[in-house]
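Participant: Start from chain H and add chains W and V according to the hints.
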Amino acid sequence: MGSDSPFLLAGVSLLSALHMGYLAQRVGRSRMTHKVLPPCVTGPPEFERTFRAHQNCVEFYPLFLVTMWTCGMFFSEETAAAGGLVYMIARQIYFTGYVRSSKKRLPGFYLTLAVFAALSLLASFGILRGVGHHYFHIHL
Amino acid sequence: MGSDSPFLLAGVSLLSALHMGYLAQRVGRSRMTHKVLPPCVTGPPEFERTFRAHQNCVEFYPLFLVTMWTCGMFFSEETAAAGGLVYMIARQIYFTGYVRSSKKRLPGFYLTLAVFAALSLLASFGILRGVGHHYFHIHL
Amino acid sequence: MGSDSPFLLAGVSLLSALHMGYLAQRVGRSRMTHKVLPPCVTGPPEFERTFRAHQNCVEFYPLFLVTMWTCGMFFSEETAAAGGLVYMIARQIYFTGYVRSSKKRLPGFYLTLAVFAALSLLASFGILRGVGHHYFHIHL
Numbered sequence: 001m002g003s004d005s006p007f008l009l010a011g012v013s014l015l016s017a018l019h020m021g022y023l024a025q026r027v028g029r030s031r032m033t034h035k036v037l038p039p040c041v042t043g044p045p046e047f048e049r050t051f052r053a054h055q056n057c058v059e060f061y062p063l064f065l066v067t068m069w070t071c072g073m074f075f076s077e078e079t080a081a082a083g084g085l086v087y088m089i090a091r092q093i094y095f096t097g098y099v100r101s102s103k104k105r106l107p108g109f110y111l112t113l114a115v116f117a118a119l120s121l122l123a124s125f126g127i128l129r130g131v132g133h134h135y136f137h138i139h140l
Numbered sequence: 001m002g003s004d005s006p007f008l009l010a011g012v013s014l015l016s017a018l019h020m021g022y023l024a025q026r027v028g029r030s031r032m033t034h035k036v037l038p039p040c041v042t043g044p045p046e047f048e049r050t051f052r053a054h055q056n057c058v059e060f061y062p063l064f065l066v067t068m069w070t071c072g073m074f075f076s077e078e079t080a081a082a083g084g085l086v087y088m089i090a091r092q093i094y095f096t097g098y099v100r101s102s103k104k105r106l107p108g109f110y111l112t113l114a115v116f117a118a119l120s121l122l123a124s125f126g127i128l129r130g131v132g133h134h135y136f137h138i139h140l
Numbered sequence: 001m002g003s004d005s006p007f008l009l010a011g012v013s014l015l016s017a018l019h020m021g022y023l024a025q026r027v028g029r030s031r032m033t034h035k036v037l038p039p040c041v042t043g044p045p046e047f048e049r050t051f052r053a054h055q056n057c058v059e060f061y062p063l064f065l066v067t068m069w070t071c072g073m074f075f076s077e078e079t080a081a082a083g084g085l086v087y088m089i090a091r092q093i094y095f096t097g098y099v100r101s102s103k104k105r106l107p108g109f110y111l112t113l114a115v116f117a118a119l120s121l122l123a124s125f126g127i128l129r130g131v132g133h134h135y136f137h138i139h140l
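As you go down the protein sequences, you meet chains H, W and V in turn.
Heads up: the first sequence begins at 1 in the working numbering, then just goes up one per residue.
Heads up: the second sequence begins at 1 in the working numbering, then just goes up one per residue.
Heads up: the third sequence begins at 1 in the working numbering, then just goes up one per residue.
Just so you know, the hints here were simulated from the structure itself, not pulled from any lab data.
Note that this is a predicted model, so its numbers are computed, not measured.
Careful: at least some of the hints might be erroneous.
[Claimed, not checked] Straight-line C-alpha distance at most 20 Å; calculated DMTMM-like pairs for lysine to aspartate or glutamate:
(1) W:LYS35 <-> H:GLU48
(2) H:LYS104 <-> H:GLU46
(3) V:LYS35 <-> V:GLU46
(4) H:LYS35 <-> H:GLU46
(5) H:LYS35 <-> V:GLU48
(6) W:LYS103 <-> W:GLU48
(7) V:LYS35 <-> W:GLU48
(8) V:LYS104 <-> V:GLU48
(9) V:LYS35 <-> V:GLU48
In isolation and in its complexed conformation, chain H is listed as follows (with noise of 0.2 Å):
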């Protein structure tokens, strides 16, 4: 690899895969505590909660490589990294909130859907800025 590799990408996808799998392992202490016995997935609330949590969080994984990914190639490596870090944590909280109720979700969600709407519009940037200088020899 050349020394212009993207390690700071790398290196939060890989701790954001590193969370989902915690995330799954949670879903797992879940079933037990409420002896939920795969391949069951309805039982207690907070099981449903946890349950949903995750399933939430695997919805939206691939969302979020794409836009980190297009953030970082092609507008900046660190901001698009930070946001990935913001991200997780944001992910966290809504986890969090939603184990103990349906309403504590709400706060991780919508700092989550500033997470993607900043990385997607600076993606969105980066890509135009680099098709118009590509394919049309616009520099801006």
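Facilitator: Relative to the frame of chain H, chains W and V by itself:
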């Protein structure tokens, strides 16, 4: 970033991530319309179809990213990006159809499979050509 | 594409995407065998185990891609690609076992976790070495 960066693949990936976000929002709106409160995922048939339509898109999304990027990196970026746009249209037809009735999910689903088949075949050809070139000095 | 392109990682990624497509097809066939019509996801125990086995593979798939690619880009492409092949075998053992009984999912699941642990550790080492080299001029 160099001027040979995969702008088209990045652009279509970002668009597809935003499209997935839009489909997630459709599930959220369906929750409100049918009064299905999180973490519950069962309810009136239309809600359940909307929920499953989104889940199917979630299940296939990483497969789409892998096939589009390998096709784009090892066969042709323009072809892969065009395939990616058709994929998004296919998923939208699938989702809209599935919300109406289970049977109406099929045309969009078959188009989805066709895009997967095309992207996978071209990607396989490109990778095998590259491996032959790089490891066995076979030039096609 | 240059001749130093990650053909092995791309090839294993494409194979793993096709494998995931095969597992999705197994769920579809199980729907037909057990007469569980979409969007329904509950039914006879064997169907529910098949459905959950696939869902678990879906949940872990992006984590697999992140750990394999970071290991491959920052530690060793050959090692990561070999790990990726073992991962696919582990998931197949898991899936086949889970379809038979909930308990039989465990050997494949533990092998899956072992591959994750190995890929993550090697990727972490590679990224930290790269960061040390690039940002702090430490050469290992």
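Participant: Each hint: holds or not?
Facilitator: Hint by hint, here is what the structure shows:
1. W:LYS35 <-> H:GLU48: Distance ~18 Å between LYS35 of chain W and GLU48 of chain H Cα, so the pair holds.
2. H:LYS104 <-> H:GLU46: Answer holds: LYS104 of chain H to GLU46 of chain H is near 13 Å, not above 20 Å.
3. V:LYS35 <-> V:GLU46: holds (12 Å)
4. H:LYS35 <-> H:GLU46: holds (12 Å)
5. H:LYS35 <-> V:GLU48: With Cα atoms ~18 Å apart, LYS35 of chain H and GLU48 of chain V stay inside 20 Å; holds.
6. W:LYS103 <-> W:GLU48: Holds. LYS103 of chain W to GLU48 of chain W sits at ~14 Å (cutoff 20 Å).
7. V:LYS35 <-> W:GLU48: holds (18 Å)
8. V:LYS104 <-> V:GLU48: Measuring from Cα to Cα gives roughly 15 Å; hence the hint holds.
9. V:LYS35 <-> V:GLU48: Answer holds: LYS35 of chain V to GLU48 of chain V is near 12 Å, not above 20 Å.
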